[in-house]
Structure formats: structure tokens, C-alpha cells
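Chain residues, written in single-letter form:
Protein chains: 2
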Amino acid sequence: MKRILVDVMGGDHAPLEMVKGAHLAADELDCELVLIGNEEAIRRVAAENDLDPDRFEIVHTEAVITMEDSPIAVRRAKADSSMGISLRMLAEGKGDAMVSTGNTGALFAGATLIVRKIGGLHCPAIAALLPMQPPVLLLDSGANLNVSAEDLEQFAVMGSVYMRQAMGVENPRVGLLNNGSEETKGTSLQIEAYRLLSENTDLNFVGNVEGNRVMQDVCDVLVTDGFSGNILLKTMEGMGKLMLKTMKDLFYKNTVTKAAALAVKPYLGEVKKSFDAGEYGGAPILGVQKPVIKAHGSSDAKAFKNAIRQALSCAEKDLTGDLASAISALSYKRKEEKEKAEPS
Amino acid sequence: MKRILVDVMGGDHAPLEMVKGAHLAADELDCELVLIGNEEAIRRVAAENDLDPDRFEIVHTEAVITMEDSPIAVRRAKADSSMGISLRMLAEGKGDAMVSTGNTGALFAGATLIVRKIGGLHCPAIAALLPMQPPVLLLDSGANLNVSAEDLEQFAVMGSVYMRQAMGVENPRVGLLNNGSEETKGTSLQIEAYRLLSENTDLNFVGNVEGNRVMQDVCDVLVTDGFSGNILLKTMEGMGKLMLKTMKDLFYKNTVTKAAALAVKPYLGEVKKSFDAGEYGGAPILGVQKPVIKAHGSSDAKAFKNAIRQALSCAEKDLTGDLASAISALSYKRKEEKEKAEPS
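In order, the protein sequence lines correspond to chains S and P.
With numbering that gives the first Met the number 0 applied, the first sequence corresponds to residues 0 to 343, in that order.
With numbering that gives the first Met the number 0 applied, the second sequence corresponds to residues 0 to 343, in that order.
These are calculated hints, taken from the structure and not from any lab test.
Being a predicted model, the structure only gives us computed values, none of them experimental.
It is possible that part of the hints are untrue.
In the DSS-like style, the derived pairs of lysine-lysine whose C-alpha atoms are separated by at most 27 Å in a straight line are [stated by the list, open to error]:
id	chain 1	residue 1	chain 2	residue 2
1	P	K252	S	K247
2	S	K240	S	K264
3	S	K240	P	K334
4	S	K271	P	K116
5	S	K252	P	K252
6	P	K240	S	K271
7	S	K271	P	K272
8	S	K264	P	K272
9	S	K240	P	K240
10	P	K264	S	K272
11	S	K272	S	K252
12	S	K272	P	K244
13	P	K247	S	K244
14	P	K301	S	K271
15	P	K116	S	K240
16	S	K252	P	K244
17	P	K257	S	K257
18	S	K247	P	K334
19	P	K301	P	K334
20	P	K264	S	K244
21	P	K334	P	K116
22	P	K252	S	K244
23	P	K116	S	K264
24	P	K272	S	K247
25	P	K264	S	K264
Ranges between beta-carbon positions, derived for each pair [claimed, not checked]:
id	chain 1	residue 1	chain 2	residue 2	range
26	P	N253	S	R75	55 to 61 Å
27	P	E182	S	E56	40 to 46 Å
28	P	E91	S	H121	49 to 55 Å
29	S	K257	P	Q215	22 to 28 Å
30	P	A76	S	N253	25 to 31 Å
31	S	E198	P	G268	45 to 51 Å
32	S	I71	P	N170	14 to 20 Å
33	S	R43	P	T254	37 to 43 Å
34	P	E39	S	P133	46 to 52 Å
35	S	K339	P	I71	36 to 42 Å
36	P	E315	S	E181	37 to 43 Å
Glycine included, every Cβ here is placed at the ideal spot set by N, Cα and C.
Next comes chain S alone, as it looks inside the complex (with noise of 0.2 Å):
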């Protein structure tokens, strides 16, 4: 049975909405489940939710990393935080995977050097799943701010096993972030960047996709540098809101427009749903040697429980052993195609 580890600290709702999530996952998912936190703040949320602890293994910690702290501190000053000792059970095979809603930075910094990278990878990423339908997986989401064009071909082969192993994505399409369609548009990144994609036979590369044609199932993974990734990714967050507000506002005219309200509230929520990135779990960091998932920080028990299925999937799945042979495959074709180019 698979060990997940769940560092119940950080986010703005922990750790009561983390605790309640790890009572839904117990409920609902076939594995073993420690919860790493400060065990009297976990007890006392436990009793006044009249949950029971005792069903978790509990690993107690002072310590907790903040928005405020920087990336490094959890290997240095606050190595003994929750997410700290998580990181290092999780490196040392006290666990087979890990879920936390803590500060990202750090997070993706301790899953870099405690979990350390798989071989052959430059840099890992931080994938986020687009709530669209279908979802489209974006890489880098905000993580590698410089980015080189053999970053993002790697990317683009770890987004491609991440959507056919975890989403169940036959033939991945993969497109590059780009400000318009035509293979000479971008910077020279982009343009780099397109021509080892377009080379890349493994791939099934769609080409450039401009920020409008995101929504309109054009690719199923997305790759760019973290910096165009960031915007994105909170653009559409923030439209996303403004978009419900707007809704909210039209509804709330006069009567006639209340009652209209009422005949389509029941749809409502399916709307919300449809935009919300907590149905799908948090956002993995694909190029560590174990999974490690990051879930939204203002993620509710239900989404936390949704991050935690995701991380025991990709645990029960062997994702990072998939992820580590892909990338041990591009390292040594690309070394193959060097060594041509330069024959001894």
C-alpha cells in the first residue's frame, strides 16, 4: 500500500480544511495517509470537527514555512518545518509521495534539492492544469523564470507523459505559448524553441498557441517560461472571478432578473466547477524523483482530498520512474545527434 505524505501547514485555510481533506481521502482512497503538522493544532481542529486523528499516522512539527519566507529556508532555517521534514521523508523513502498547499517557492526549491532532480533534466517545472475543458497542462506555470529552448523541449516530453499517464491522454498535443501562430513569431527562445519541438519525432507538436486559442482545445500541454506562464495562468484566474462577479451583478438588477436567478442557480455551480482547478488536484512538479503535488493555497478539504487522489495516482502509476526514462531518452538522442555532427 502506498504511503502518502500530507503536510497539513501552510495555505490559508490550514490545517483544518487539510485535516478534513485527509479524512475524505481516507474515506474514499486505498492507501496510507501521515499527516505532518503541528499534532496539537491537527487534534484540536480533529475534535472540533468531530474527526478522529487516530485513523493518521502523525508526525509532529514546530516549525512552518510562510509566504514570507524565502525558497532556501526550508533547507536551512526552517529545515524542521512540516514541509521540510516532509520533503526529506519523501526523499529518504518514508513515503511514496507528497501533497502540500504551502508557500511554492519553497516547496519547489526543497523538491529540487531534497528530492533532488531526475537525471538528465536541467531544471524541473511546475505544471498547472488549466480548468478548461478538456484541461490543458501548462508548463512552466511560474517556477523557471529564464528558460532556455532545451528547457522547454523537456518540458514539453514531461508534460506529454504527465497528461498520458495521469489524464489518461492518448496522443498528447503539445503546443508553445507564443504571440502569434507563425513559426518565426517570438523572441529567438520561442523561435528555438519551435524548431527542436517541430524536430522532436517523439512529439506530437501542434505549433504556436496565441493566449486566445488556450480555451479552444487547440493542445493538451502547454509549454512556455515561467514568467509568460505566470500571466497567463492569473489572467484567466483573475477573468476567471470577474466573469462570475459580472454574472452575479447581471442577476442581482431588479426582480425580474432574481428570478431568472433562480432558474438557472442549478447550473450555476457546474459553471463554477467548470472553472475551478480544484477538481482536478493541485499542480505537480514534474523532474523530481518522487511526486510532489502542490495544491492551491486556498484549497478546501475537497480540493485537498482531489491533490491527495492525484498524488497517490501518480505514486500507484510509477510517474516520475515514466518521466525519468522519457527524459533519459531525449538526453541520449540529443548526445547521439552531437557526437554525429562531430565525428572523432
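Given chain S, work out where chain P should sit, using these hints.
Just chain P, lined up with the frame of chain S:
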């Protein structure tokens, strides 16, 4: 009386909607309009729509810059296109401002090369009015993919002048598009730009703005490189469309929701309008010696009329004169600082 040069070719609905838009403008505005384009086509669509082409001076041109043309074509192979002629007339003082729905890259290159930059400016920018309440001026929105921190400062100065003068915003708040709110966020470009912007006491700099905050009335001017600006702009466009589609789907569920749709229908127009960039006119190219307005390629008559009104307003208020003064003041300040730092 000001003379506005109207390139009626190019764009999705040219010349029909452009000719119609010119008629609307002539009814509403006090200015001379010169239509530049294929005279036969202009007269044909006018006749078919019961419009009077003799209200305007028409400058006949054969060639049209298409979306496939290289930006440089406007000065070389297709210098005699409607866009090329319009730009040349503007540069030669045969008009006070110009409007075009044609190829953005060509219009930007042509404005820079033919109408020419204002003194002391590194590069002009295409500014887009994001259709928020209140609107946000985004620059650069796609023309300059590789910019320096000094460019971003110049964009901030030009954007502030535009919002003050054309939109009546008293003390425009300037934001820097970034992947986080702290001043250490971003690549070296954003970090250096943050420093320049916060040290410039002539600007009302409000700090970094993340993608999800753009629509929350936190700034009036948003500066960024053209790549990120393009991603932001198009993502907003795509999400706006997705939103309208989602609402439509919601209302088409069943007879009850269809009845509800009738109740809110009178207000749906407002919603659509509030996401319609065309309401504010077009995208001004800031930093060239005469006002050049890029109207959206999909402009209808009304949006095109709004763009003409905007061009007239820029000409009447001497926008380019004010931009030139502001950039010249900034250049002078920077030069003085340099001389202070390196005493002879």
C-alpha cells in the same frame, strides 16, 4: 479644422465597415476625413449601402497590405498601398492623424520608419486599452518583444501622458506587470524596471501588478514587454469569449432557463459592451510624431468611428507634442544624472 487620414483597406470587413464608420464619424464629428483606398471598391460599397462617397476626399490606391505581408513591405514593395500612402501623407503634413485596421506589424513598422519617432525615444509602443471598468492602458501590447528597463520607463511616461490627456485620468497609476508583488520578483528586466519606476518622482508608480489583479482597478497604465503584453491581452480576449459562450450554454439548457434568458437579455448587451475593446476606439501607437491609431482588425462601423474620434481627439489635444515634451524631459533628467555620476 483637423484632417484625419482614414486607411479603409485591410481588416476583416474592409472597406464596407470602414466606409460606413467614416460616414458615422462625419455625422458626429467636426473634422475633414480623407479616405485612402481603392476608389472603385469605396464607391461600390457606398452605392450598395445608400451612402454618399462624395462627402469625402478619396485618395485612390491599388495595393493593399495583407496579413501575410512582411512589416517592411509598407516601405518597400507596397509603399503605394493604402497604408503606405496614408503614412506618407501623415509624415508630409497632409493630415493631422491617421486610422487603420490593417496589419499591426506593418502599421507599427511604417509609423516608426515613415512618420518617425519623437526625439529621445528608444522605441515606440502599441498601447491597448483593456476594456475594464475603468480601462487600463497596456503597453507594449505586442510590438517590442525585447525591451530594456529604460524602455519600460519611457512606456510608463508615455502611458501616463495618454491616460491624462486622452482619458482624463488625473494622476494615472502606473503598474509593472510581474509574477508577484514583491520588488524582487521577475527577471532582471522587471527588477531593474521596478527600481527606475519607483525612483521616478514624476510617475505615480504603484508597484508590481500580477495577471489576476489587472482587472481589479489597481492601475491605469500597465507596462511590460510586448511578449507578455500580447499573452495578457489575448488571454483576456479568449476568456471574455469563453465567458459569453458559457453564459449562452447556461441559458440554452431548457425552457425554464430560456425564459430566464429573456429576463436578463436587456442587460446582456451591457455585459458584452463592457468587454468590448472597440468601445474605446483603437490602439494608439505612442512615440511617433503624429497620432496613428490601430483599429481592431474585426472592427465594425461603430468601433471604427470610435477610432476616428480617438484620432481626432489626439490631434486636437496635441498628444504627440505632449509626449515629445515628456520624453524630452525624461531624457534630460537621465543625462543630468549621468553627468553628476561621472564628474569631469
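Outcome of the hint check:
no.: 1; hint: P:K252 / S:K247; verdict: holds, 19 Å
no.: 2; hint: S:K240 / S:K264; verdict: holds, 17 Å
no.: 3; hint: S:K240 / P:K334; verdict: violated, 45 Å
no.: 4; hint: S:K271 / P:K116; verdict: violated, 47 Å
no.: 5; hint: S:K252 / P:K252; verdict: holds, 22 Å
no.: 6; hint: P:K240 / S:K271; verdict: holds, 16 Å
no.: 7; hint: S:K271 / P:K272; verdict: holds, 23 Å
no.: 8; hint: S:K264 / P:K272; verdict: holds, 24 Å
no.: 9; hint: S:K240 / P:K240; verdict: holds, 14 Å
no.: 10; hint: P:K264 / S:K272; verdict: holds, 24 Å
no.: 11; hint: S:K272 / S:K252; verdict: holds, 24 Å
no.: 12; hint: S:K272 / P:K244; verdict: holds, 16 Å
no.: 13; hint: P:K247 / S:K244; verdict: holds, 16 Å
no.: 14; hint: P:K301 / S:K271; verdict: violated, 34 Å
no.: 15; hint: P:K116 / S:K240; verdict: violated, 40 Å
no.: 16; hint: S:K252 / P:K244; verdict: holds, 21 Å
no.: 17; hint: P:K257 / S:K257; verdict: holds, 15 Å
no.: 18; hint: S:K247 / P:K334; verdict: violated, 52 Å
no.: 19; hint: P:K301 / P:K334; verdict: violated, 45 Å
no.: 20; hint: P:K264 / S:K244; verdict: holds, 17 Å
no.: 21; hint: P:K334 / P:K116; verdict: holds, 19 Å
no.: 22; hint: P:K252 / S:K244; verdict: holds, 21 Å
no.: 23; hint: P:K116 / S:K264; verdict: violated, 55 Å
no.: 24; hint: P:K272 / S:K247; verdict: holds, 17 Å
no.: 25; hint: P:K264 / S:K264; verdict: holds, 17 Å
no.: 26; hint: P:N253 / S:R75: 55 to 61 Å; verdict: holds, 59 Å
no.: 27; hint: P:E182 / S:E56: 40 to 46 Å; verdict: holds, 42 Å
no.: 28; hint: P:E91 / S:H121: 49 to 55 Å; verdict: holds, 54 Å
no.: 29; hint: S:K257 / P:Q215: 22 to 28 Å; verdict: holds, 26 Å
no.: 30; hint: P:A76 / S:N253: 25 to 31 Å; verdict: violated, 58 Å
no.: 31; hint: S:E198 / P:G268: 45 to 51 Å; verdict: holds, 49 Å
no.: 32; hint: S:I71 / P:N170: 14 to 20 Å; verdict: violated, 39 Å
no.: 33; hint: S:R43 / P:T254: 37 to 43 Å; verdict: violated, 51 Å
no.: 34; hint: P:E39 / S:P133: 46 to 52 Å; verdict: holds, 49 Å
no.: 35; hint: S:K339 / P:I71: 36 to 42 Å; verdict: holds, 38 Å
no.: 36; hint: P:E315 / S:E181: 37 to 43 Å; verdict: holds, 38 Å
Hint compliance for this structure: hints 3, 4, 14, 15, 18, 19, 23, 30, 32, 33 are broken, all remaining hints hold.
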